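Visitor: Spelled out from the first residue to the last, the chains are:
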Amino acid sequence: MDDDLSVRVLLKSILSRDNHDVVESADGRSAFSSLAVQKPDIILLDLMLPDYNGLDILAQLKESKELEPIPVIVLTGSADRESKLTALSSGAVDFISKPFLPEEVLLRVNTHLKLHDLIRSLRVAVDNLESDVIAAGKIQNALVPKSNPQGLSVEWIYEPSYRVGGDIFDVFKLDENRYFVYLADMSGHGVNAAMLSVMVHRFIEDFRTSIDEGEFDLSSFMKELDRNFIFERFNLFFTIVSAIVDLKEGFVLLSNAGHPTPLMKREGSVQFLEGKREALVGINMIHGDVSKIPFRNGDLLLLYTDGLIEVMNEKGEMYGEERLKNLMESSSDTDIRSASLNLKSSYEGFKGNALAEDDITALLIEF
Amino acid sequence: MFEFKKANDGIGVISLNKRARITGEMSANFRKWQETVDLKSCSTVIVDGSNIEFIDSMGIAALISIYKTISAKGSDLILVNLSEEIKKLLNTLRLDRLFIVKDCSVVEAIKDLC
Chain G
1 MDDDLSVRVL
11 LKSILSRDNH
21 DVVESADGRS
31 AFSSLAVQKP
41 DIILLDLMLP
51 DYNGLDILAQ
61 LKESKELEPI
71 PVIVLTGSAD
81 RESKLTALSS
91 GAVDFISKPF
101 LPEEVLLRVN
111 THLKLHDLIR
121 SLRVAVDNLE
131 SDVIAAGKIQ
141 NALVPKSNPQ
151 GLSVEWIYEP
161 SYRVGGDIFD
171 VFKLDENRYF
181 VYLADMSGHG
191 VNAAMLSVMV
201 HRFIEDFRTS
211 IDEGEFDLSS
221 FMKELDRNFI
231 FERFNLFFTI
241 VSAIVDLKEG
251 FVLLSNAGHP
261 TPLMKREGSV
271 QFLEGKREAL
281 VGINMIHGDV
291 SKIPFRNGDL
301 LLLYTDGLIE
311 VMNEKGEMYG
321 EERLKNLMES
331 SSDTDIRSAS
341 LNLKSSYEGF
351 KGNALAEDDI
361 TALLIEF
Chain P
368 MFEFKKANDG
378 IGVISLNKRA
388 RITGEMSANF
398 RKWQETVDLK
408 SCSTVIVDGS
418 NIEFIDSMGI
428 AALISIYKTI
438 SAKGSDLILV
448 NLSEEIKKLL
458 NTLRLDRLFI
468 VKDCSVVEAI
478 KDLC
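In the order they appear, the protein sequences are chains G and P.
All the letters of the first sequence, read from the start, carry residue numbers 1 to 367 under the working numbering.
All the letters of the second sequence, read from the start, carry residue numbers 368 to 481 under the working numbering.
Isolated chain P, as found in the complex (with noise of 0.2 Å):
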């Protein structure tokens, strides 16, 4: 379900394989995944909201956790392709004031980085 592949430049991006609402146990799961994939080594770590239908507190709490991670070296957590209902929620907990929210694809994102 969850996939980590590493771009250029220690680039890190996060995404679905398919459509799915990262809720309940999809979150948990979500929460333990993350935890298996080395993030720390990230310069950046971008994560394609393309898939992501919708995404309840526990999912926001593993973003946060990689946003934690990375952020202690200093790197950026960058979400991209988002729906405008997770934007919203987003803006609603403040949370697009400590992530990077933008409205463009991981290969301009990239783009943009490099």
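Looking at chain G on its own, in the form it has when it is part of the complex (with noise of 0.2 Å):
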């Protein structure tokens, strides 16, 4: 766009030679006519039009969302510094000085062609990863429970990091009277924690399938994760805190790979259940050690990955196991539910407005 026909014409010589195609427009009416029928891939504005000023018309481009990605030159007389800088802060890439050397010219518009093009891929790539991410992220959110299995009493709080996360938990009843509880984190979070996660899920779901429920050993499925999840096979890790909850014999078998340990609520005091602790799950450290820990009426199990425990607030301190034991201990909460929602105020309370580092899942389980 430029009112001097003997400018468009030199423009329009030199960027035919390079193969440009150029539509001119010597005022902006014309301009904008041209630009609803086609859209062009950079735009030489010149700053002085007759019936608009530039710096108005570079406006108008940058608020139309369709307009807005196509990059604008700006052509200025050389000694007009403060339109090129206004223009630069306007939204424009670049401009080129009156008068101009034609290599000048092509140099500015094919590098900033390149440039614009460069961002386009990158943001079609972006765009790609993101819902791809989103999708992961409902595959793995389609994995846990979305209600509690028929006689137990349970609640867990579930919140990856990101869009996906390395955190994985199920609950399914094993019989009459027991039930089958995990939690699982796996190393880092994101997308290659998310498929690792998936991957623990569908084996735990073909053990259970495979072996009739009554058989369900939890040392021997430990020992089988052990050995199937080998480090090196993914160059990832995770820990593992599984359960079987009795209700008729009032037990809980336990059994924690490298995971942070669970808290037991008894009569008002709460315990770490420290137990027999076992090495995270693939470097052939599991021996199938399981702690029989009682399990009666109005108690509370509490587990729950380190993302919970490491949640930093604005200070950079840990909100921490005595914290965490602390508000089990001071918490009245006659019901489960009541005793989740308290748990999740307090931690994001103690967060603030600073980053979710990691993901976090809790899992609380009552008699």
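Treat the hints with caution; some may be incorrect.
Examples of chain G residues toward chain P, derived with CB under 8 Å [said to hold, decoys possible]:
#1 G188
#2 F231
#3 E232
#4 M264
#5 E278
#6 L280
#7 I283
#8 M285
#9 F350
#10 G352
#11 A356
#12 E357
Sample of chain P residues lacking proximity to chain G, with all beta carbon distances greater than 12 Å (derived) [to be verified]:
#13 M368
#14 E420
#15 V474
None of these hints come from the bench; they were simulated from the model.
Small disclaimer: the values here were computed from a predicted structure and weren't measured.
Quick reminder that beta carbons are idealized off the backbone N, C-alpha and C, glycines included.
Starting from the two chains in their separate frames, assemble the complex, guided by the hints.
Guide: As structure tokens, then:
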């Protein structure tokens, strides 16, 4: 766009020689009519047009959702420093001072076309990646339970730090009185961790269906996980706490492979279930050790991932095990639902506006 | 950020040139970096934890990777100067049974080996 015919002829000749198609406009009105028909790859805009101020045209271009991405190079008089700065801060990508050399015009136009093309490809790639991640998040979310298994009182908090996460859990009924619960945390978070979490979930499903439900043995289950998810296979590891809750006999069988220590609240007092601890999964160090813990009427069991105790506030302090224990001890929640809501508001209040670094999952099980 | 030096008798020493949290992108960089250094030829690898403020699970995975690389030849991974918090984490994961965790300086650890 330039009102000076000689400038338009010169620019057209320079650009056509380099195989660019050029559409000329002598004023703002005809320029916008052309833009309505066809969107160019780049716009060369004179700042002094007879019917419009070039800066107003620039502002109008940048306000339009469709035209905004088109790079604009402004044409200015060499002394017009202020306009150049205003144009650059208003969204122009570059300027060419008159009088110009043909080489300079070609260099600037071609550079910005290349740059614009790269930005466009990058945007497409990021959009594709983003939609893949959203799809992965949906798949992962579909794997965690939607409701309690009949007969067991469970509440959970499940918050990936990104759209997908590295935490996974499940709760299912083994037989009339026994339930199996696990909570696993893959190293890292994001797509790699999410894919591994889906594989772990799938593996556990297969393990469960391959044996008679009454025969589910926690010790063999953990050893089987360790055998199948060796570190070298994915260069990732995971920690897992798994439990069989027996409501008839009143106990929980617990196996903890590198996972944060579960908590048990009984008659107002809270204990860490240290028990026998195994190493993380995948380095061939799981021996099949299982702890047997009494679980009676009114008892509350809390399983959680490290994301919960490592929640950081704006001062860089961690939420920590002690704060969690104190919260459990001090709360006089009468039902498991309010205990879960109370936990969530506690760490969220602690976190304030700090960013969540890790996925947070907590499972509360009440006798 | 990450430095690798060879001391006497093929002992490799990994350290950080300034205090940092090995989390997020830094963990990914640590993982990539350790693949570029010659760990296989080390008789022992010592990680100096004095500048490690905190380490996340990806950072831990990088340590396991170092261990896997050197343990195939029977070499040990020794971690020294770790904060109490990191020692607790290694204990939770039971990695203190896989790696050797020592409360001493790099110089003392090297002296012990020689």
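Visitor: Each of the hints needs a verdict: does it hold here or not?
Guide: These are the hints, each one checked on the structure:
no. : hint : result
1   : G188 : holds (4 Å)
2   : F231 : holds (6 Å)
3   : E232 : holds (6 Å)
4   : M264 : violated (18 Å)
5   : E278 : holds (7 Å)
6   : L280 : holds (5 Å)
7   : I283 : holds (6 Å)
8   : M285 : holds (6 Å)
9   : F350 : violated (17 Å)
10  : G352 : violated (19 Å)
11  : A356 : violated (12 Å)
12  : E357 : holds (7 Å)
13  : M368 : holds (19 Å)
14  : E420 : violated (10 Å)
15  : V474 : holds (30 Å)
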